[in-house]
Structure formats: C-alpha cells, structure tokens
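Engineer: The sequence shown maps to residues 0 to 227 in numbering that gives the first Met the number 0.
For the record, the hints were derived by calculation from the structure and aren't laboratory data. Small disclaimer: the values here were computed from a predicted structure and weren't measured. Ideal Cβ placement from N, Cα and C applies to all residues, glycine included. Treat the hints loosely; a few may be bogus.
[Stated by the list, open to error] Restricting the straight-line Cα-Cα distance to at most 30 Å, the calculated cross-link-like pairs of lysine-lysine (DSSO-like) are:
1) K158 - K138
2) K76 - K215
3) K74 - K158
4) K138 - K45
5) K88 - K74
6) K74 - K138
7) K158 - K147
8) K158 - K76
9) K215 - K79
[As the list claims (entries may be wrong)] Just the calculated beta-carbon pair ranges, DEER-fashion:
10) G130 - T195: 19 to 29 Å
11) G130 - K50: 53 to 63 Å
12) C25 - A116: 32 to 42 Å
13) Y32 - S111: 36 to 46 Å
14) D113 - P31: 36 to 46 Å
15) G48 - K147: 43 to 53 Å
16) L212 - G48: 39 to 49 Å
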Amino acid sequence: MSHFNTLVFSHTPEEVDDLLAPYNECVEHGSPYAVFEEDTDADVDKTTGRKGYWRNPNAKWDWYELSGRWRGVLKLKDGKQGEFAPLTKYDDPARNRPGYCDRALVADLDFSRDEAAYQHALRRWEVMVEGAEQTPEEKENAFLRLYKPEYYLQRYNSKEFYAEHESSFVPYAYVTADGEWRSAGRMGWFGFDDVTYENLRTYAQGFYEYLALAEKQGLMVSMMDLHI
C-alpha cells in the first residue's frame with residue numbers, strides 16, 4: 000500500500016472531489032467508471048449472473064485527503080495567503096508554517112528552485128551514486144542510502160537532472176482542471192512504481208507548462224495525499 004502526493008487544479012475547492020472521482024478504485028455496478036471483469040475464481044455477481052467483479056480500469060486511488068503527509072509544503076509568495084487542511088489529533092500544529100499552505104491560487108505560490116537543495120542534491124549524488132567519501136564535516140546520516148546506484152541512474156540519468164528534480168517542486172501526479180490525470184508512471188505497492196528517466200523528464204516539463212497555463216486561467220491548486 001502506498002501514499003503519494005497529487006496536485007489537483009480547479010476553479011473552486013468544491014470541484015476537487017468531482018475531479019478525483021473518475022480515478023476511484025472502489026466502484027460497483029452502476030458507477031459510470033466501472034467495467035465488469037469476468038473471473039471464474041470469483042463469486043457470481045448478482046447484477047450480471049456471471050462470475051467476476053466490477054473494477055475501474057483508470058483507478059489511481061482508494062482513499063485521499065487534503066494535505067495529509069504533505070501538509071504545509073506549498074510555498075506562498077511574500078504577502079500572499081492560502082489555506083491549511085483542518086488539523087486532526089494526529090497532526091503536528093508546527094507543520095502549519097507561516098508562508099506555506101495546502102491550497103491556494105497558483106498565482107500566489109512560489110514554485111522556484113531551492114538553490115540550497117540543489118547544491119545538497121549534487122553532493123548527495125556524488126556520495127550515493129559516484130561513491131565519493133563523506134567529509135568529516137558532513138553528518139554521518141546526511142546521505143542515507145536507500146537504493147543502489149543503479150536505481151538513481153535508471154530514474155534520473157544524470158547528477159544535474161537529479162539535483163534539478165530534487166530542488167524543484169514536481170508532484171508525483173496532478174489532475175488538470177478539466178479532469179485529466181497526468182503522472183510519470185503508475186504507483187504500486189509499498190512506494191514502488193514504474194517511472195523511467197524519459198517519462199520523468201517529459202512529465203516534469205509538461206507540469207511546468209501546465210502550471211503557467213493554470214496561472215493565466217486563475218486556477219487554484221490543492222495538495223492531496225492519495226492512497227492506493
């Protein structure tokens with residue numbers, strides 16, 4: 000099971016649920032997004048009289064909420080305001096940082112590259128992929144190795160692209176204001192996906208192109224935590 004962030008572009012907050020609805024995994028007979036899948040190992044479906052089940056071939060999520068694990072990651076431009084999701088008993092109020100939000104007008108958000116993060120990512124690649132030794136000044140856990148070098152090469156191809164991606168705001172997926180789902184790959188269980196460098200590069204470029212269009216159209220954006 001996996002969580003991943005998704006930006007939903009809309010004219011109003013009320014549109015978000017409708018924009019996500021076509022990608023709901025949990026569908027039954029009567030849903031406009033459901034198709035019947037015959038399966039001899041399944042029970043007999045009462046509505047069709049055949050063995051099988053209903054599924055959504057475009058399913059992307061089975062549960063979602065505003066912000067969730069990505070509370071307060073949208074950065075506001077100076078003097079602009081946004082909205083936070085309501086705090087639950089599990090949320091840390093400190094994550095409602097001044098200058099950040101979970102939902103705002105695209106024009107009010109700062110999507111520029113974080114230069115400090117860019118330089119740190121360059122160094123992280125040198126240590127994790129190129130095998131450079133850490134200096135005495137660098138913390139022992141500053142470059143946690145979660146994957147083999149081959150993973151980073153397959154997904155990012157180069158140090159420069161990796162640093163650009165890590166220091167720029169690119170969501171795992173986004174939904175346009177007319178309901179189109181866009182992502183670089185498909186999320187599977189336990190955070191694993193099928194993203195490749197070519198797909199990621201094309202996707203990131205397309206995201207920033209749509210971001211510029213969304214700003215011109217006066218759209219807002221909501222940071223959603225999706226589960227599948």
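Engineer: If a hint holds in the structure, say so; if it does not, say that too.
Structural biologist: The hints, checked one at a time:
For the suggested pair K158 and K138, the alpha carbons sit about 21 Å apart, so the restraint of at most 30 Å is met. Of the pairs offered as hints, the one joining K76 and K215 holds, with about 16 Å between alpha carbons and a cut-off of 30 Å not exceeded. Taking the CA atoms of K74 and K158, the gap is about 25 Å. The hint holds against a cut of 30 Å. For the suggested pair K138 and K45, the alpha carbons sit about 61 Å apart, so the restraint of at most 30 Å is broken.
For the hint pairing K88 with K74, the CA-to-CA distance comes to about 24 Å; that is within 30 Å, so the pair holds. Distance restraint check for K74 and K138: the Cα-Cα separation of roughly 27 Å lies within the 30 Å cut-off, and the hinted pair is therefore satisfied. Of the supplied pair hints, the one linking K158 and K147 holds, its CA atoms being roughly 15 Å apart against a limit of 30 Å. At roughly 29 Å between alpha-carbon atoms, K158 and K76 fall within 30 Å of each other, so this suggested pair holds.
Using a Cα cut-off of 30 Å, the hinted pair K215 and K79 holds, with the two alpha carbons roughly 17 Å apart. Separation of G130 from T195 is about 23 Å and conforms to the stated range, judged on CB atoms against 19 to 29 Å. Between G130 and K50 the Cβ separation comes to about 54 Å, which falls inside the hinted range of 53 to 63 Å. Evaluation of the 32 to 42 Å hint for C25 and A116 yields a pass: the beta carbon distance comes to about 37 Å.
Between Y32 and S111 the CB atoms are about 37 Å apart, so this pair conforms to the stated range of 36 to 46 Å. Between D113 and P31 the C-beta distance comes to about 41 Å, which sits within the given range of 36 to 46 Å. Between G48 and K147 the beta carbons are some 51 Å apart, a value that agrees with the proposed interval 43 to 53 Å. As the Cβ distance of L212 to G48 is approximately 48 Å, the hint placing it in 39 to 49 Å holds.
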